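Enquirer: Use the sequences and the hints to build the structure in full.
Chains as they are written, first to last, in full-length UniProt numbering: chain A, 1 to 344; chain B, 1 to 307.
FYI, nobody ran anything at the bench for these hints, they're computed from the structure. Hints may be right or wrong, so weigh each one.
The calculated DSS-like cross-link candidates involving lysine-lysine, where the alpha carbons are at most 27 Å apart (straight line), are [said to hold, decoys possible]:
| id | chain 1 | residue 1 | chain 2 | residue 2 |
| --- | --- | --- | --- | --- |
| 1 | A | Lys56 | B | Lys200 |
| 2 | B | Lys107 | B | Lys62 |
| 3 | A | Lys57 | B | Lys30 |
| 4 | A | Lys53 | B | Lys62 |
| 5 | B | Lys95 | B | Lys241 |
| 6 | B | Lys62 | A | Lys57 |
| 7 | B | Lys107 | A | Lys56 |
| 8 | A | Lys53 | B | Lys95 |
| 9 | B | Lys31 | A | Lys56 |
All figures in this text were calculated on a predicted structure; none of them were measured in a lab.
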Amino acid sequence: MSAVPGLKEDCEELLGAFQQADTVRFERFAELWRERRFHTVFHGRMRALERNKLTKKTLELAQQYFLPPYSFQIRVGALYLLYGLYNAQLCQPKQKIRIALKDWPEIQKFQQDLLDSQHYDAAYIFRRLRLARAFHFTAMPKLLTYRTKKKIEENYFKEEFKDPSNRVNSLITNDVLEELMNIHDHYQKMKCVISADKSQPDKALSLIKDDFVVNLKDITLEHQEWQQNRMKLFQNAKETDKTENKKKEGALLESEGSERANALARIKYKSYSAVVEASKSRRHRQVQLESSEAGSSCGKSPSRSEKSRRRRQPARRIGEIQVAKETVTRHIGMPIITEENSDE
Amino acid sequence: SIDTLMSSEKEEDPDVIPEDSSLLTLRIRKKVLERREETIIVDRACRQETLTYEMESHATGKRPDNPTDLTEEGELLLTLNIFYPVIFQKHKDHKPFQTVLVLGSQKLTELRDSISCVSDLQIGGEFSSQPDQAPEHISKDLYKSAFFYFEGIFYNDKRYPECRDLSRTIIEWSESHDRGYENLQSVKMEDYVFNDLTLKIGFPYLYCHQGNCEHIIIITDIRLIHHDDCLDRNLYPLLIKKHWLCTRKCFVCKMYTARWVTYGDSLAPQDPCFFCDVCFRMLHYDAEGNKLGEFLAYPYVDPGIFN
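Expert: Now the structure itself:
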């Protein structure tokens, strides 16, 4: 289906504002909604057939933001957005929100997360939607149509809405650490049992570092702190970057130079870290300044080999709030460039 | 109380786009609407649009009179696109299709009965000498065999003794040499309901009838039945979208749909030529009913007859 022009930008703008607001409360979302008078998105003189089609497409677009891999805050924002759009639509009978069967367990997990972290307003909204029979339970998420498309639209995720790269996180979870701890203890006990002195294992049997699990936790904690620092620095860089951009808008030559520098730095970075690279929309931003602390902290991390870099999953209850907090910060892609490069 | 946070405080006309909208969508839409106002003289729904809308929505929310006809909870609703066989050249790029909603618990034979194809109505035979004796038997009554092909299994219609197994030829062909199609089977259509089938969404399947009239069937959607759908079993399979085909009119009066086609007609300006019943008789037969001139005449059923 061809997209509704302008709708994606509007939704992303609203969700972006919600993300900036750094909260998941419905009242805040409602304020943002009212500011933009978002319910008017269905206005405009059109007959019933066109209105049905438009509403279907709108709900389909909003529904995409409700599913992973978007971050928790964006998903809550999408839930509110769906609620708003569903109630603001002018079709009679109302068009429904399509949820595929494969996505349903994730949504239920999401609801459970909401209840666990006591975001009762979001859970209430979800329940209201269920009670209003707003969902169609389908086999496939997108309704197929048979028109030859002029161009194939690629579904492009807005980078900022995604969680920062969680690959290490999904590898070393809380469960994994617990199991490691258990196995480690068991191993120690076994060693004690078979050695002569029952209270501690033989010296000959010490083949691994005893405090290896504790070290693991420490290292993941360090990694987490490092990522946070980087994000903060990048945010600062972006803010000053914005003001500088206004002064130097016509500098095309410089942008070319910095693009090449960008590419070089990006290649260098790829070999060091596993962070996802910047989306294409960032290219126009000229990142010109650098800060020495950033450079040194970047220098520190690659020295530790990536294999030993682990990420510690914080404890469950605190983790929820922390996760919600972390997703507010911007996603890092663009590396910091030193000034010598951009002068080339 | 949460609801009121969403809606506007003052009464608004949903047709009017506000001037100072912050939404990009509305700004674009406003431009489109303004351009439309400039170019279109009368902005009203045309016949096709009314038909499409009516077909889509005429059955929503319907409830049966008889409670035993109510669909069950947890019933599946399939949306099928049934494509017409290509008749016209211009259809080769966008093949026209009709969309049918089917319940999961319905038999395949019910779907078969609901598919209306123009080839079912053809009357075979040349009737220039005896135009009044064009028989009433349409092809649908004469050739009753049909089959569906889903996922390697042919479902043949065997309800009547005249029905033959059309898929036998295909199965024999595939078994004669190792052609890479394993295990094609042939079963009876009336024993199966849609819930028994394994289906792929978006994958083309086949419906064949009249021996050689083939339709492609594609399943576009499977979902659970919903409170707002039509819950009357008797209305399913439900047609919700049909392609509008222009009918060929009589060459003489240009008013009525053609019912006869003539070949090699010395009285007609083109070969073949279409006539409605009245004009046909007036031109080709005198007052006593004698045939005038040389021609071959066949009864013609226009594909647009289902409009």
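Enquirer: Which numbered conditions among the earlier hints are violated in the structure presented, ordered from lowest to highest?
Expert: Hint check: 7 fails alone, others pass.
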